[in-house]
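K.L.:
Sequence:
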Amino acid sequence: MLVTATARLKYLSIPPRKMRLVANMVKGMPVEDALNILNFTPKIAAHHLAKTVKSAAANALSIEGTDNLHPEDLVIKDVAVDNAPTAKRIRFQSMGRIFRIRKRYCHLMVKLETEIEPQKTKKPSTQKTRKVDNVKADVVGSEKTSSEKASSKKATKSKASSGNKVTDRSSTKKESVVKTEESPDAKKDNSDNKSAEE
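Each residue of the sequence shown is one higher than the one before, starting from 8 at the first, in this note's numbering.
Don't read these hints as lab results, they were simulated from the structure.
Given the structure is predicted, the values throughout are model-derived calculations rather than measurements.
Built from N, CA and C at the ideal position, the CB exists for glycine as well.
One or more hints might be untrue.
[Stated by the list, open to error] Straight-line Cα separation of at most 25 Å, SDA-like style, residue types lysine to any residue; simulated pairs:
id, residue 1, residue 2
1, 17, 100
2, 34, 55
3, 61, 95
4, 84, 40
5, 58, 35
6, 25, 111
7, 95, 27
8, 61, 51
9, 50, 74
10, 17, 51
11, 34, 80
12, 17, 49
13, 84, 44
14, 58, 85
15, 25, 49
16, 58, 46
17, 50, 112
18, 118, 82
19, 118, 31
20, 61, 99
21, 17, 73
22, 84, 110
23, 110, 14
24, 50, 37
25, 17, 101
26, 50, 110
[As the list claims (entries may be wrong)] Distance windows between CB atoms, simulated:
id, residue 1, residue 2, range
27, 104, 17, 29 to 37 Å
28, 46, 104, 40 to 48 Å
29, 89, 69, 19 to 27 Å
30, 102, 44, 46 to 54 Å
31, 99, 34, 15 to 23 Å
From just these sequences and the hints, can you work out the full model?
P.N.:
In structure tokens:
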């Protein structure tokens, strides 16, 4: 993947011709080597050009990040020096004459370029949805457990109440059985039925 970054410096009070002499020295060089040369070049244009190269490198790093891009991989692809508006000044001379002074300005543009390998990007959206699904499942599970707890409480209450009813019924049956056994009429009827069968 091709990465490009640019930086511009406008209205420099240096003539374009003088700036181009320095710009041609570093065109096509790596950023690190170009800065080494510019730092030891005794011209004011070298100072401005070095400042613009550093700015372009910082722009490239802020766009791509330091994980994918390293500053030593950057190369100066192009350095464009354009004419800016010229300031007109005058200088008084003898016998009432005036000489014209032209203060020339320039615009500087540095373009850096490098090639980086594209990294395999993970799918953060699916991971987020999975996390959200897990959270939803936990919430639903907690709701189910609370509803299950409530239903189990109701079931235990109903079982307890039904158990009491069953014990009451069984106790009434036992009492009735006891009462029937105690009654002498029932004993006579049972003995008459047995003798008749024999």
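K.L.:
Taking the hints in turn, state whether each one holds.
P.N.:
How the hints compare with the structure:
Restraint check for residue 17 and residue 100: not satisfied, since their Cα atoms lie roughly 33 Å apart, outside the 25 Å limit. For the proposed pair residue 34 and residue 55, the alpha carbon gap of about 15 Å is at most 25 Å, so the pair holds. Our distance criterion of 25 Å between C-alpha atoms is broken by residue 61 and residue 95, whose separation comes to about 32 Å. Under the criterion of a C-alpha separation no larger than 25 Å, the hint pairing residue 84 with residue 40 is consistent with the structure, at around 14 Å.
The straight-line distance between the Cα atoms of residue 58 and residue 35 is roughly 17 Å, inside the 25 Å bound, and the hint therefore holds. Distance hint between residue 25 and residue 111 is fulfilled; the C-alpha atoms sit about 10 Å from each other, no more than 25 Å. For a cut-off of 25 Å, the pair hint linking residue 95 to residue 27 stands: about 22 Å separates their Cα positions. With a CA separation close to 16 Å, the supplied pair residue 61 and residue 51 stays within the 25 Å bound.
Distance hint between residue 50 and residue 74 is unfulfilled; the C-alpha atoms sit about 36 Å from each other, more than 25 Å. This hinted pair checks out: residue 17 and residue 51 have alpha carbons roughly 15 Å apart, not beyond 25 Å. With a C-alpha separation of about 15 Å, the suggested pair residue 34 and residue 80 falls inside the 25 Å cut-off, and the hint holds. Between the alpha carbons of residue 17 and residue 49 the distance comes to roughly 22 Å, so the proposed pair stays at or under 25 Å and holds.
Simply put, residue 84 and residue 44 have alpha-carbon atoms about 16 Å apart, close enough for the 25 Å limit, and the pair holds. Using a Cα cut-off of 25 Å, the hinted pair residue 58 and residue 85 holds, with the two alpha carbons roughly 15 Å apart. Simply put, residue 25 and residue 49 have alpha-carbon atoms about 13 Å apart, close enough for the 25 Å limit, and the pair holds. Simply put, residue 58 and residue 46 have alpha-carbon atoms about 10 Å apart, close enough for the 25 Å limit, and the pair holds.
Restraint check for residue 50 and residue 112: satisfied, since their Cα atoms lie roughly 16 Å apart, inside the 25 Å limit. With a C-alpha separation of about 9 Å, the suggested pairing of residue 118 with residue 82 holds against the 25 Å cut-off. With a C-alpha separation of about 13 Å, the suggested pairing of residue 118 with residue 31 holds against the 25 Å cut-off. Proposed proximity of residue 61 and residue 99 is contradicted: the alpha carbons are some 42 Å apart, above 25 Å.
In summary, the hint linking residue 17 to residue 73 is not supported, as the alpha carbons are separated by about 28 Å, beyond the 25 Å threshold. The straight-line distance between the Cα atoms of residue 84 and residue 110 is roughly 29 Å, outside the 25 Å bound, and the hint therefore fails. Straight-line distance between C-alpha atoms of residue 110 and residue 14 comes to about 24 Å, which keeps the hinted pair within the 25 Å bound. Only pairs whose Cα atoms come within 25 Å are accepted, and residue 50 paired with residue 37 is accepted, the gap being roughly 20 Å.
With a C-alpha separation of about 37 Å, the suggested pair residue 17 and residue 101 falls outside the 25 Å cut-off, and the hint is violated. Between the alpha carbons of residue 50 and residue 110 the distance comes to roughly 18 Å, so the proposed pair stays at or under 25 Å and holds. Between residue 104 and residue 17 the Cβ separation comes to about 35 Å, which falls inside the hinted range of 29 to 37 Å. Separation of residue 46 from residue 104 is about 44 Å and conforms to the stated range, judged on CB atoms against 40 to 48 Å.
Under the hint 19 to 27 Å, the C-beta atoms of residue 89 and residue 69, about 25 Å apart, fit the expected range. Here the CB-CB span from residue 102 to residue 44 is close to 49 Å, well matched to the stated 46 to 54 Å. Distance hint check for residue 99 and residue 34: the Cβ-Cβ separation is about 42 Å, which falls outside the suggested range of 15 to 23 Å.
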